[in-house]
Amino acid sequence: MDYPGNFQTPADPAGKSIAVSRFMAICTFVAFFIIVFLCGILLWSARSERLEPFMISTNSENGEWKIVGKNPVSLEYPAQRTMQESVVGNFVKDWFKISKDNSENENAWKDCDRNVCISGDTLMFGERSCAIYCSVSEDLYSRFSYDILPDYKKRFQNGETWQIDEKSLSIMPAGKISDNGGTWQVNLNLVSNIAGRFNVKIFMKVARNKNFYPQTMGFYVADFNSYRID
Amino acid sequence: MRKIIMFFSGIMILLLSVAALYFSGALFDANNDRYIDAFVFQPNNLSSDRIGHPVPIDQLSDKFVREKLIKKFITEYFYVNPDVENIALRTRSDSVMAAMSGPIVFKDWKKNVAKEINTLSDKKCMRTATVVDEIIKKGDYWEVHYELKTWGKSNDMNLTPQVENGIIYLKIVFEKGVRDKRAGSKFDVQKYLNSGGDPAAIFKFRVDEVRR
Chain X
1 MDYPGNFQTP
11 ADPAGKSIAV
21 SRFMAICTFV
31 AFFIIVFLCG
41 ILLWSARSER
51 LEPFMISTNS
61 ENGEWKIVGK
71 NPVSLEYPAQ
81 RTMQESVVGN
91 FVKDWFKISK
101 DNSENENAWK
111 DCDRNVCISG
121 DTLMFGERSC
131 AIYCSVSEDL
141 YSRFSYDILP
151 DYKKRFQNGE
161 TWQIDEKSLS
171 IMPAGKISDN
181 GGTWQVNLNL
191 VSNIAGRFNV
201 KIFMKVARNK
211 NFYPQTMGFY
221 VADFNSYRID
Chain S
1001 MRKIIMFFSG
1011 IMILLLSVAA
1021 LYFSGALFDA
1031 NNDRYIDAFV
1041 FQPNNLSSDR
1051 IGHPVPIDQL
1061 SDKFVREKLI
1071 KKFITEYFYV
1081 NPDVENIALR
1091 TRSDSVMAAM
1101 SGPIVFKDWK
1111 KNVAKEINTL
1121 SDKKCMRTAT
1131 VVDEIIKKGD
1141 YWEVHYELKT
1151 WGKSNDMNLT
1161 PQVENGIIYL
1171 KIVFEKGVRD
1181 KRAGSKFDVQ
1191 KYLNSGGDPA
1201 AIFKFRVDEV
1211 RR
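Chains as they are written, first to last, in the working numbering: chain X, 1 to 230; chain S, 1001 to 1212.
Anything over 12 Å on all C-beta distances counts as not near chain S; from chain X, calculated: (1) Ala19; (2) Phe23; (3) Thr82; (4) Asp94; (5) Ser103; (6) Asn107; (7) Val116; (8) Ile118; (9) Ser119; (10) Glu138; (11) Gln157; (12) Asp179; (13) Arg208; (14) Phe212; (15) Gln215.
Straight-line Cα separation of at most 27 Å, DSSO-like style, residue types lysine-lysine; simulated pairs: (16) S:Lys1181 <-> S:Lys1191; (17) S:Lys1153 <-> X:Lys110; (18) S:Lys1068 <-> X:Lys201; (19) S:Lys1153 <-> S:Lys1110; (20) X:Lys201 <-> S:Lys1153; (21) X:Lys176 <-> S:Lys1186; (22) S:Lys1123 <-> X:Lys153; (23) S:Lys1115 <-> X:Lys176; (24) S:Lys1071 <-> X:Lys201; (25) X:Lys176 <-> S:Lys1110; (26) X:Lys176 <-> S:Lys1123; (27) S:Lys1153 <-> X:Lys93; (28) X:Lys97 <-> S:Lys1153; (29) S:Lys1181 <-> X:Lys176; (30) S:Lys1153 <-> X:Lys154.
Worth flagging that the hints you see were computed from the coordinates, not collected in a lab.
All figures in this text were calculated on a predicted structure; none of them were measured in a lab.
We put the CB at the ideal spot given by N, CA and C, even for glycine.
Could you build the full structure based on these sequences and the hints that come with them?
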C-alpha cells in the first residue's frame, strides 16, 4: 500500500465472512459469561432462603434467656476460661468447708504470707494450707476474716460441719468473661450435719494478677457474695 | 473439516460451561463450608447447656410467648445481683430492658428503679423477682402479681430473704413474630443472636406504660 498517497485498499473477498465469524465468536464469548453468571445467581437464590430455627432456653429463677443448640459463642474454651472455672470450683469448695478436724480448718483459713502462695508449696492437689488466703484479694480476705470467720468458728464449736455436694455444683458466667476475669454465678447444695441440705447461690468476681497468683495463671477471687436460697 | 471443527468447538464450549457451573457452585459452597458429623453429645447433668424439654408446638401460642415476655420484663425491671457492672449494662440503650420498654418507661425506670437497684447492688444485696399469679387483662392494662425476695447482705447463711408482694399494671404492645426493625433501623435477628444478644429483645413486644 502506498500510504499516504493511495487510500484505496482493495476489498478482501473473505472480509465479510471473517467479520461475521468474529462477531459470532464475541457473541459466544459474552453468552458464555452470561450463562456462568446466571448459573451463579440461580445457585445463590436457591441457597439464600435458608430456614435457621433457634431454640430459646428460659430460666425462671434468674430470668435469663439464651439461645441453645445454635451456639452463638464458640465451642472452644480457651485455657483462660477453663482456669477461671477451675479457680471458681476449687474456691467454693474451700469457702464452704468446715471440717470436724480443727487443725485442717485453721490451716485453710489462716492468714499467710503472699510469698508462700507464690512459692508453690500451697495449692497442691488435696492441700488446703492457706486455701482461702492464696486464692483471694487482700480486701476479700479481710472481709472473710472479720465477717465470716467468727461465724465459722462458732459453728465449729457447736459441732457443725459443712461440705458441698459436688454433684450439685454448677458454674456459669454471669456476664461477659474475658481473658482477665469476669463475674461467675455458682449454684450448689451445701450439706450441714446440723442444718441439713440447703441451696446456695453465689456471685463471684474473678480478676487477674500474674505476679501474685502464678499458680492459677494469675486468676484470683476478687469478690464473693453468697446467699442461702432455701 | 470446518464443520467438524465447529462441532468440537461447540462441544468444548458446552464442557467449559459445565465446568464453569461446577466451579461457581464450588466457590459458592466454599463460602459456607459446613460439615455435619453424625454424632450427638448428651449434655452432662451438671451442664448449664442442658436444655430440658422443648415446649410442645400446641402450647407455644401467642399467649404463652406474651406471658413469658411479661415475666421476663418483671425480672428485668426488679432483679438485683451484687455485680454493679450488671446494672450498668442494663441501663444502656442497647440493653434488653431498653428493647422491651417504650422510651418513657425506660427513662422512668432508669430514673427511679435503676437507682434503687444500684444502691442495693453496692450493698451486696440480691433480689429476685417472680410472677406469682395468673396474668390477667383489665381494660388496657395487664395485671401482674409479683413477689420480690431481697437478701439484705451477702455471705450470711442464717439470713432469710425479706419477701414483698406487689401488683404492677402494664400497658403493652405485642404482635406475633420477630422484629424486623429496631430504633428505626433494620434489625437482623440472626446477626443479633449470633453476637450473643438476649433473645427476649427480638420479639415485637413493648411496654408503653407501667403503673404500680
